[in-house]
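Peer 1: Sequence:
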Amino acid sequence: MDSGFEVSVFSRALADIRMNEEAVAFYGKISRKEDLETGQSVPVQVAVNGFTGHGFRLGYLHQDDQWTVGLGASLFRTGHLMTGDLSGQFTAVNDSDYNFDAKVDYAYYRDVIFKRPDVDEAAGLGFSLDVAMAYKVDENWSWSLRAEDLLARIRWQDAPFTVASASTDQKSYDENGYAVFAPLLSGREGYRDSFMQNLDARYYGAVKYQHNAWSAELRGQYQFGYGYAGVGGGYRFANGFAVTGLFWPEYDQFGIEAKSGNWRGTLVLDQFDWNEVQAMSVGIAYGY
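First residue of the sequence shown? That's 237 in the numbering used here, and the numbers climb one at a time after it.
Hints were generated in silico from the structure; no laboratory data involved. Certain hints may be false.
Claimed, not checked - List of simulated lysine-lysine pairs, DSS-like, C-alpha gap at most 27 Å: (1) 407 with 351; (2) 407 with 339; (3) 339 with 351; (4) 372 with 444; (5) 495 with 372; (6) 265 with 407; (7) 444 with 495.
Work the whole structure out from these sequences, hints included.
Peer 2: Shown next, in the form of structure tokens:
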């Protein structure tokens with residue numbers, strides 16, 4: 237039996253961008269200048285959440301021959317704030333013209349929508365809880381459950397923000413008479429003295445089969461409002477270095493995990509094509 241407290245350090249980054257499929261399809265038609273369906277009305281919902289951070293974790297770990305149970309609390313400094321949403325609507329006037337109206341409210345480290353110049357980046361302090369358990373059935377089979385970012389919050393100081401409306405009341409057209417997407421913007425910008433960013437909790441479950449150096453896994457994951465299953469396989473080298481590749485077929489998401497001693501690194505992307513990546517998670521930890 238082995239139990240006790242543990243302290244670890246980590247660095248992490250999160251980028252989560254979500255846009256409803258109907259809006260993606262309609263905007264794709266506009267970009268390719270395809271014929272629109274007159275009278276079609278499409279809602280637009282875009283949400284973004286991201287940050288980078290580094291900090292330390294204080295945890296308690298209990299281990300015996302079959303069970304491993306861990307609890308932890310993390311405190312971390314953060315930067316690269318990006319959070320907010322855009323909601324609106326596309327309406328096709330005819331096969332080459334459309335109206336667009338939207339409202340946006342977001343905070344950021346860099347204004348990618350309105351190109352606000354000379355933005356002072358906010359600094360934040362984050363907190364989260366985690367819990368994990370694993371059970372070894374026999375020498376080959378095991379299962380595990382883990383929850384991260386429970387009650388996770390980041391408090392930002394002097395966070396840049398923009399609240400604005402966008403519309404196509406004033407339009408321009410290309411040489412073929414197709415409407416150009418250049419909405420007119422109006423609103424306000426400034427700095428919020430104190431701003432709270434909430435992080436989505438992440439839940440994981442796995443069943444693993446280990447045979448000598450090779451392993452195979454079936455995993456489940458719930459994150460960013462989606463639940464899905466994945467498969468993976470790994471190899472543990474003689475020096476203790478282990479690498480695992482994972483694939484989540486429902487969303488074409490893939491990940492790589494590497495572990496050596498007390499060091500652990502993870503990279504998870506939601507697309508094979510880098511230009512189409514919407515959600516990404518990166519983590520580096522020591523003793524965690």
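Peer 1: Determine for every hint whether it applies to the structure shown.
Peer 2: Hints and how they fare:
This hinted pair checks out: residue 407 and residue 351 have alpha carbons roughly 20 Å apart, not beyond 27 Å. Of the pairs offered as hints, the one joining residue 407 and residue 339 holds, with about 18 Å between alpha carbons and a cut-off of 27 Å not exceeded. Restraint check for residue 339 and residue 351: the C-alpha separation of about 17 Å stays at or below 27 Å, so the hint holds. Taking the CA atoms of residue 372 and residue 444, the gap is about 9 Å. The hint holds against a cut of 27 Å.
For the suggested pair residue 495 and residue 372, the alpha carbons sit about 20 Å apart, so the restraint of at most 27 Å is met. Restraint check for residue 265 and residue 407: the C-alpha separation of about 18 Å stays at or below 27 Å, so the hint holds. Simply put, residue 444 and residue 495 have alpha-carbon atoms about 16 Å apart, close enough for the 27 Å limit, and the pair holds.
When each numbered hint is compared with the structure, no violation occurs for any of them.
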